[in-house]
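Once you have looked at the hints, place chain A on chain R.
Keeping their order, the protein sequence lines are chains R and A. Take 1 as the starting number for the first sequence in full-length UniProt numbering and just add one per residue. Take 1 as the starting number for the second sequence in full-length UniProt numbering and just add one per residue.
Careful: at least some of the hints might be erroneous.
[To be verified] Part of the chain A face toward chain R, derived, beta carbon under 7 Å:
#1 Val32
#2 Glu35
#3 Glu59
#4 Thr66
#5 Val89
#6 Pro103
#7 Val155
[To be verified] The following residues of chain R were derived to be distant from chain A, with all beta-carbon distances above 10 Å:
#8 Val24
#9 Gln35
#10 Leu97
#11 Glu118
#12 Gly314
#13 Leu318
#14 Tyr448
No lab work stands behind these hints: they were computed from the structure. All residues carry an ideal CB built from backbone N, CA and C; glycine is no exception.
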Amino acid sequence: MGKPQYHTDIVKSFVNWSLVWGVVAVLVGVIVSFQMINPDLNYPPYFTFGRLRPIHTNAGIYGWGVGTIFAMFIYMVQRLCKTPLWSLGLARFQLWLFNATIIAAAVTLLLGYNTTLEYHEMEWPIDLMIVVLWVVFSINIIMTIIKRKEEQMYISLWYMMAALIGVAILFTVNALAVPVSAFKSYSIFAGTNSANVQWWFGHNAVAMALTAPPLAMFYYFLPKSTGVPIYSHRLSIIAFWSLIFMYLWTGAHHLLWTPIPDWIQTLAMAFSIMLIAPSWGSVINGYMSMKGQWHQMRDNYLVKFLILGITFYGLQTLQGPMQAIRTFSAFIHYTDWVPGHIHMGTMGWVSLVSVAGIYFLLPRIYGREVYSIPLANLHFWLVVIGQLIWSTSMWISGILQAGMWNAMNADGSLTYTFTETMVEMYPYWWIRAIGGVIYLIGILVFIYNVYMTVQKGKEPAPKLLEVEGRA
Amino acid sequence: MWEKKPILLMLMATAAILVGTTITMILPFVWVNTEADRIEGVTPYTPLEQEGRDIYMREGCNNCHTQTVRPLVAEVLRYGDYSKSGEFVYDRPFLWGSKRTGPDLARLGGKYPDAWHYQHMETPRSIFPKTNMPAYGWLSNNALKPDKVRRKMQVLGFPHSEAQIAELATKNEMDAIIAYMQKLGSDIPWRQTGRTEIVGELRNPFSGADQTTLAGWRPLYQSNCSACHGTNMEGGIGPELVGDYYDEETLFRIIYDGIAAGGMPAYANLGSERVWQLVNLIKYDQSTGD
Numbered sequence: 001m002g003k004p005q006y007h008t009d010i011v012k013s014f015v016n017w018s019l020v021w022g023v024v025a026v027l028v029g030v031i032v033s034f035q036m037i038n039p040d041l042n043y044p045p046y047f048t049f050g051r052l053r054p055i056h057t058n059a060g061i062y063g064w065g066v067g068t069i070f071a072m073f074i075y076m077v078q079r080l081c082k083t084p085l086w087s088l089g090l091a092r093f094q095l096w097l098f099n100a101t102i103i104a105a106a107v108t109l110l111l112g113y114n115t116t117l118e119y120h121e122m123e124w125p126i127d128l129m130i131v132v133l134w135v136v137f138s139i140n141i142i143m144t145i146i147k148r149k150e151e152q153m154y155i156s157l158w159y160m161m162a163a164l165i166g167v168a169i170l171f172t173v174n175a176l177a178v179p180v181s182a183f184k185s186y187s188i189f190a191g192t193n194s195a196n197v198q199w200w201f202g203h204n205a206v207a208m209a210l211t212a213p214p215l216a217m218f219y220y221f222l223p224k225s226t227g228v229p230i231y232s233h234r235l236s237i238i239a240f241w242s243l244i245f246m247y248l249w250t251g252a253h254h255l256l257w258t259p260i261p262d263w264i265q266t267l268a269m270a271f272s273i274m275l276i277a278p279s280w281g282s283v284i285n286g287y288m289s290m291k292g293q294w295h296q297m298r299d300n301y302l303v304k305f306l307i308l309g310i311t312f313y314g315l316q317t318l319q320g321p322m323q324a325i326r327t328f329s330a331f332i333h334y335t336d337w338v339p340g341h342i343h344m345g346t347m348g349w350v351s352l353v354s355v356a357g358i359y360f361l362l363p364r365i366y367g368r369e370v371y372s373i374p375l376a377n378l379h380f381w382l383v384v385i386g387q388l389i390w391s392t393s394m395w396i397s398g399i400l401q402a403g404m405w406n407a408m409n410a411d412g413s414l415t416y417t418f419t420e421t422m423v424e425m426y427p428y429w430w431i432r433a434i435g436g437v438i439y440l441i442g443i444l445v446f447i448y449n450v451y452m453t454v455q456k457g458k459e460p461a462p463k464l465l466e467v468e469g470r471a
Numbered sequence: 001m002w003e004k005k006p007i008l009l010m011l012m013a014t015a016a017i018l019v020g021t022t023i024t025m026i027l028p029f030v031w032v033n034t035e036a037d038r039i040e041g042v043t044p045y046t047p048l049e050q051e052g053r054d055i056y057m058r059e060g061c062n063n064c065h066t067q068t069v070r071p072l073v074a075e076v077l078r079y080g081d082y083s084k085s086g087e088f089v090y091d092r093p094f095l096w097g098s099k100r101t102g103p104d105l106a107r108l109g110g111k112y113p114d115a116w117h118y119q120h121m122e123t124p125r126s127i128f129p130k131t132n133m134p135a136y137g138w139l140s141n142n143a144l145k146p147d148k149v150r151r152k153m154q155v156l157g158f159p160h161s162e163a164q165i166a167e168l169a170t171k172n173e174m175d176a177i178i179a180y181m182q183k184l185g186s187d188i189p190w191r192q193t194g195r196t197e198i199v200g201e202l203r204n205p206f207s208g209a210d211q212t213t214l215a216g217w218r219p220l221y222q223s224n225c226s227a228c229h230g231t232n233m234e235g236g237i238g239p240e241l242v243g244d245y246y247d248e249e250t251l252f253r254i255i256y257d258g259i260a261a262g263g264m265p266a267y268a269n270l271g272s273e274r275v276w277q278l279v280n281l282i283k284y285d286q287s288t289g290d
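One chain only, chain A, in its complex shape:
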């Protein structure tokens, strides 16, 4: 019957298309982004952060970076707590991405100090020698346009003060995108609540390792620590590493847990064995400065 009636056929095709559409695309509006998935502490972007987000979009960062951590063991270990719906209510549009040529950024906020980001954006290969991340130092040359940002904040309905808008005149695009990256995933206190508690006595399993053994662990230092603490522990973004300053246990805790306030990331995901190797290397390797 319908093979002779184009209008009828099109109406039926529309109906067929709308069934799945209604159930899987329209119906979820009833629950998603409502009180049901609201999270206390998730705040809208400030003018600087929102402008940074728009620069992130303009440069197509989403083509290589995702922003959603899946509840899978290796993923939570690598990036941090898995993503929750309520964390994204101010994202228009979402930026979860579909490809990880580079790492996920959903929990990037607060992981590194600002100085790390400025250096990484300007010369990515000074931190990761073989990365294919393009350099974005040129963003520093572009001033922000406060009036445009004010208009954006009005359209989005995000709270903002004239002082925040005026402050933009002193900032550039690099400041904005870094401010945005530092907010990512840090609205919920996952770093504090997710901290691994070290129970019991800490004992150095490599106590008394000789210099040859220590030298074998240097690549571990180079791939995880040298970008901030220098090839020879002379310091850089992070301080110079002087083994004598700390006892073994303190050093272990610093590397394992990080120093959130000081911008030192936690390296618990290396595992305690490798953290101990780093402790021994920093304290006892005689080829480095101290």
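With the rest of the complex left out, here is chain R:
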């Protein structure tokens, strides 16, 4: 049976553009990290911390994260379904709309059109663009799945479908607002309700955009890279259902000790602990799939990215539930600890798995071997070290800060003023900024490697194409 003609040009374009937005996200991140050290680096009105930070997070999530999801889903769905993408025209439209949306988001955020809902800062016209974008994307993926030639649906497809539905529900509900003018609206939710809806969205956007899709990639690229199948299909199925069921209860762990009703907080806390099980279901599945293959950590750089990625996922999903416990949250919430946590997830888990996917794709979409494996290894060490410096410095400063906020004298008075506690953070903010710069250098090495692969990479060995043939 001849291989179906898969569409790869569109995958190339999504990879390229997600890389562009990824660099923007990291660069803006580095800039705002220096603004925190030196307030004179704020250039009002457009280039202040308050306006740039949402650009950093949204470029990271929607530009780099979702851009990669587009590329990977379109690549994987064709192979897993053994059929070309349902509509190439729709995918081309999606590419244009994607870039238009990201640019419009960046420009409007710079202009201060900001709803302040975290990871949902874009005003209503951009929200509409995102909704259209997601619907177009979902239709294309779902129609491809319906028209598939492979009867059985691999677990990656499950995670993809759950992500499509989940993001659609979450994003739309949190976007509900009454427009006042072209770029200003008021949320239909007020006060405590608004907080509860926002963090139901905020936390589950992490589930549906930054957990389910990377898991889909992990379950696809790990066996593809090692050449041996995943350890347990059954375990992946149990983990899937329990993950998507439990996640939605946990949003209020972002709101412990706030005026949100106590029972919602308690449910969120309990379900956050329970989430360790499905999260580690995938981690264990990944590790067990390496049985007899651990030597590949030495020989195969793709495996290194993937296994370190799933390891950070494992750490993330232990640390997260810990933070979701009331007593621990009372201590570290609102401190630097929390960004330390988030960045282990984004820089560690999501980005490592995503770049593994891109390295895997390069020979298959460009028909050339990756230009330099030593450079890929350099990339690996730079991003891992950069991220560890980043997160560790923030965990230390977070604990220090929390300790100072809570320090009391024998007479029951506070030991430190707020400013005294803030000043102590400067050395750690320096270390964090340096970690960010190292990470940025790692990304630039990666991009150079991708560029040189496209320009100068060798013809791929026939072995690659053989691996390609496997389901």
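This is chain A only, laid out in the frame that chain R set:
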């Protein structure tokens, strides 16, 4: 079965997602922001305050400042009474934030006089020398747009008079954001009801401290008082401090309890020992002006 039926699988996934959603996100609408958590005295924003709130949002102040005080000892001591659901019913959306690079602002209203805010927004480092708060003096250059604000008030359904709207023409964005900050958390009379009652006789534990001891307490003055009362107690936003004007007990009460009407914050959270140190410093330190 469902591994071969994508539509069925998606329906089941939707159902799985909707269980937690319904219980923890939709169900609370039944109780939250109803009579159950209504607080007498919480009022909608005036046009000037609402515009200030929108500027606060536009500048992304929520990226560094939270607006919710948790019911934890150190937090209530530092910021004031813990936040209640009913205080936020007019906030669309909420601005509780998630990170305190700067302090919480939920109880900021009425803590400092307006003059303090104007100076702090324009030159934050003149008040807190090492803060990383960006300067926002440029807000003073931007006029408000009354027609836009009227439209906003209509959409929000907040009461407003044409006089209030007309008044906006004479104000700028700095006036608006400060008016907003002065309302924060002051709809409930927590400052009055939360006041620490000093019972019994007040006795100066550092009576007769020598000049060297007093000098050791100057950093305490510099980090808490000098921004308003001047490095050498010569005055500024607040009045010049002349030790002879007050007896020890009066001075203690002023620092400990503050003067709500006069814009003097209460410093009870420093603890009585440190307040006494300040009393002695202000009254007896000879290196300062008086």
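Each hint, compared with the structure:
no.: 1; hint: Val32; verdict: holds, 5 Å
no.: 2; hint: Glu35; verdict: violated, 14 Å
no.: 3; hint: Glu59; verdict: holds, 5 Å
no.: 4; hint: Thr66; verdict: holds, 6 Å
no.: 5; hint: Val89; verdict: holds, 5 Å
no.: 6; hint: Pro103; verdict: holds, 4 Å
no.: 7; hint: Val155; verdict: holds, 5 Å
no.: 8; hint: Val24; verdict: holds, 18 Å
no.: 9; hint: Gln35; verdict: violated, 8 Å
no.: 10; hint: Leu97; verdict: holds, 23 Å
no.: 11; hint: Glu118; verdict: violated, 6 Å
no.: 12; hint: Gly314; verdict: holds, 23 Å
no.: 13; hint: Leu318; verdict: holds, 21 Å
no.: 14; hint: Tyr448; verdict: holds, 33 Å
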